[in-house]
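Asks: Using the sequences and the hints given, assemble the complete structure.
So the chains spell out like this:
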Amino acid sequence: MSALSVKHLLGIKEMNTQDIELIFKTADTFKEVINRPIKKTPSLRDITIANLFFENSTRTKLSFELAEKRLSADILSFAASSSSVSKGETLIDTVNNIIAMKVDMVVMRHPYAGAAKFLSKHIDATIVNAGDGAHEHPTQALLDTFSIREKLGDLKGCKVAIIGDILHSRVALSNIFCLQKVGAEVTVCGPPTLIPKYIHELGVKVETNLIKTLEWCDVANMLRIQLERQDIKYFPSIREYVMLYGLNKEILDKLRKQIIIMHPGPINRGVEITSDVADSSQSLILQQVENGVAIRMAVLYLLATHLKN
Amino acid sequence: MNNFIIKQAIIIDPNSKYHLQRKDIQIHQGVIEIIADTIAPDSLQAEIIEGKDLHVSPGWMDLRVNLSDPGFEYKETLESGAQAAIHGGFTAVACMGTTAPALHSKSQIEYIINKSKHLPIHIFPVGTVTVNAQGNDLAELYDMALSGAIAFSDYRNALANPDLLQRALQYSSGFDKIIIQLPSDKKIAGSGSMNEGIVSTKLGLKGIPNLAEELMLQRDLMIAAHHRTSIHIGGISTAGSVELIKAAKKAGVKVTCDVHVVNLALTDEALMDFDTNYKIMPPLRTEKDKKALIEGLKDGTIDVICSDHSPEDTESKVKEFDTAAFGMIGLETFYGILNKAIGKELSVDQIIEKIAINPRKIFDIPIPTVNLNQKAELTLFCPSETWTYSTENGFSKSKNSPFNKVKLTGKAVRTILAK
Numbered sequence: 023m024s025a026l027s028v029k030h031l032l033g034i035k036e037m038n039t040q041d042i043e044l045i046f047k048t049a050d051t052f053k054e055v056i057n058r059p060i061k062k063t064p065s066l067r068d069i070t071i072a073n074l075f076f077e078n079s080t081r082t083k084l085s086f087e088l089a090e091k092r093l094s095a096d097i098l099s100f101a102a103s104s105s106s107v108s109k110g111e112t113l114i115d116t117v118n119n120i121i122a123m124k125v126d127m128v129v130m131r132h133p134y135a136g137a138a139k140f141l142s143k144h145i146d147a148t149i150v151n152a153g154d155g156a157h158e159h160p161t162q163a164l165l166d167t168f169s170i171r172e173k174l175g176d177l178k179g180c181k182v183a184i185i186g187d188i189l190h191s192r193v194a195l196s197n198i199f200c201l202q203k204v205g206a207e208v209t210v211c212g213p214p215t216l217i218p219k220y221i222h223e224l225g226v227k228v229e230t231n232l233i234k235t236l237e238w239c240d241v242a243n244m245l246r247i248q249l250e251r252q253d254i255k256y257f258p259s260i261r262e263y264v265m266l267y268g269l270n271k272e273i274l275d276k277l278r279k280q281i282i283i284m285h286p287g288p289i290n291r292g293v294e295i296t297s298d299v300a301d302s303s304q305s306l307i308l309q310q311v312e313n314g315v316a317i318r319m320a321v322l323y324l325l326a327t328h329l330k331n
Numbered sequence: 013m014n015n016f017i018i019k020q021a022i023i024i025d026p027n028s029k030y031h032l033q034r035k036d037i038q039i040h041q042g043v044i045e046i047i048a049d050t051i052a053p054d055s056l057q058a059e060i061i062e063g064k065d066l067h068v069s070p071g072w073m074d075l076r077v078n079l080s081d082p083g084f085e086y087k088e089t090l091e092s093g094a095q096a097a098i099h100g101g102f103t104a105v106a107c108m109g110t111t112a113p114a115l116h117s118k119s120q121i122e123y124i125i126n127k128s129k130h131l132p133i134h135i136f137p138v139g140t141v142t143v144n145a146q147g148n149d150l151a152e153l154y155d156m157a158l159s160g161a162i163a164f165s166d167y168r169n170a171l172a173n174p175d176l177l178q179r180a181l182q183y184s185s186g187f188d189k190i191i192i193q194l195p196s197d198k199k200i201a202g203s204g205s206m207n208e209g210i211v212s213t214k215l216g217l218k219g220i221p222n223l224a225e226e227l228m229l230q231r232d233l234m235i236a237a238h239h240r241t242s243i244h245i246g247g248i249s250t251a252g253s254v255e256l257i258k259a260a261k262k263a264g265v266k267v268t269c270d271v272h273v274v275n276l277a278l279t280d281e282a283l284m285d286f287d288t289n290y291k292i293m294p295p296l297r298t299e300k301d302k303k304a305l306i307e308g309l310k311d312g313t314i315d316v317i318c319s320d321h322s323p324e325d326t327e328s329k330v331k332e333f334d335t336a337a338f339g340m341i342g343l344e345t346f347y348g349i350l351n352k353a354i355g356k357e358l359s360v361d362q363i364i365e366k367i368a369i370n371p372r373k374i375f376d377i378p379i380p381t382v383n384l385n386q387k388a389e390l391t392l393f394c395p396s397e398t399w400t401y402s403t404e405n406g407f408s409k410s411k412n413s414p415f416n417k418v419k420l421t422g423k424a425v426r427t428i429l430a431k
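Protein chains in written order, with my numbering: chain A, 23 to 331; chain B, 13 to 431.
Worth flagging that the hints you see were computed from the coordinates, not collected in a lab.
All of these numbers come straight from a predicted model, not from anything done at the bench.
Heads up, none of these hints are tricks.
Computed list of lysine-lysine pairs in DSSO-like fashion (alpha-carbon distance at most 30 angstroms, straight line):
1) A/Lys143 / B/Lys352
2) A/Lys279 / A/Lys203
3) A/Lys219 / B/Lys199
Replies: Next up, the structure:
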């Protein structure tokens, strides 16, 4: 296997286990490359990539740009706040602009679910979904799973808890798909108002008690509480959220085992996790960032192979 | 040309003594003149209509159609909608009043009546219950009824205020007109754009729970029962709604209801590709709901099947799923989809009851029959004919159908209407 079964990276849902393994193996190589004194490879020379961010993003955008630069691609980046999407340019106009610019690949983040799929149906370029609404964020799931694999080795039977706002989270959904494909077990945990009613049908366990969840898991992925995404209040106050679902050092130390702590960032310090947890030796948070570049290099590289063929 | 001879057609009409018989039918100047085993072509210069597996029934009536006129003539007009309806086998349609301006007063109702007078189809306007369908003040229902409104409905803006609904039901019962509610609690449905279920979870789309429909339906049935008024429930989509209506009918509530044909044919699985043509209201539900709806048709809980023809322009549909408009066109594909969904579940005469007899019975509209000396209002159809629908060759001004280039079995061949 040296090629992906998919032409675009729209979501983990469409990929198979071999695809994920291939991305991981390729990322292993790129991780080694970016730790060399000369970090750049010519793999994507003459490939033009447009980064379209219709929703605020700092780290994902930087991570993609860095990955593209390390691969020697020509890049152009476009950022617009989500509000300008709702009142201004439609996605179909964006599509037409992209066609006119003759780019080879498009990395897009968009506030609406299905936007990446929409793009893939209307343009010829290769699409990489950098997050579409509450649907998928495939590269985040890949880098999360890659980071667990790096730390624990085999993922079969590994117990991963995803904790927080599951309802509005594309990270949760992509992580569930990805972890299940590599054989891990998943529990989602959070306030019942933030857990989709039918999520158990995906084959995940549903738990509302933080301590029970932590006792069960090997890895806890603490999601960011996105107050800006909630059109109504799902819990009365941040204070009460912290009382029920905030992870601090005291809770962590009381557990009978050492678990790994992850967070997709940016952290609300003192909300999902306290600073001492974020900065502890159990935390994988900075490795996640580093691995993000390697994973995105791998994805772009593998999809570009399709392009050249 | 008002002279026809229909050759060897099976008559499907429970109100005809020729029901289920294969006959030749001669129509002279719009009137059914002869029904016999064979009729020889004569001097009338009648047009001969023949075909394999030809069936004839009273003209079909679609109880829920958006003709987008006035206000959205770029999506549909009375003329284009009429052509689409005729090609779908309908001799009558009821058009929704949520136009711009809304059909909320005598002059708008008269606009529809006058403009459709010369069209080869009956167009029955459904006035809005409230001014501009905004759910605040009752529109002049009696005046509209006098002008020809057959019923009243705020369509997708179902009356949320229970007090307003009870007054609308009471008031319209005074002159025997019926309110049509399409139940969906806006607070529970929120900004949902498809059925809430495993599919919406996988797609990261906000779901519309069954609860949104059933909660309002339950309430509406209680209000109608309390005042002993009639109510018609439009577009039910869940197994729970079928149960609620079944129980209400059993308890003697004067309720009738209908279902949109695509809800019988498809489930929310159709949305896996984010195709906005499947974004409809009520949404496509699950297999369990679909089966319950079909059972509801069989046992008589559901009285009518309609298309909910909802034309939308490209700008409203070719876009992100969340912001795309609800609705699909459905007049021309109606029978093909219906036949696929329930052709084996219901008999042809059961189907004709739901698409030709009951819609008129409920709203007190004269029911055409295939009998001698009757004015011809007929639909000719072929349950076994296979054809391919294409939006390009379609008659609707809009193209928002997921059935473009789809092969269908069952075709409405033509309609004959002597107005």
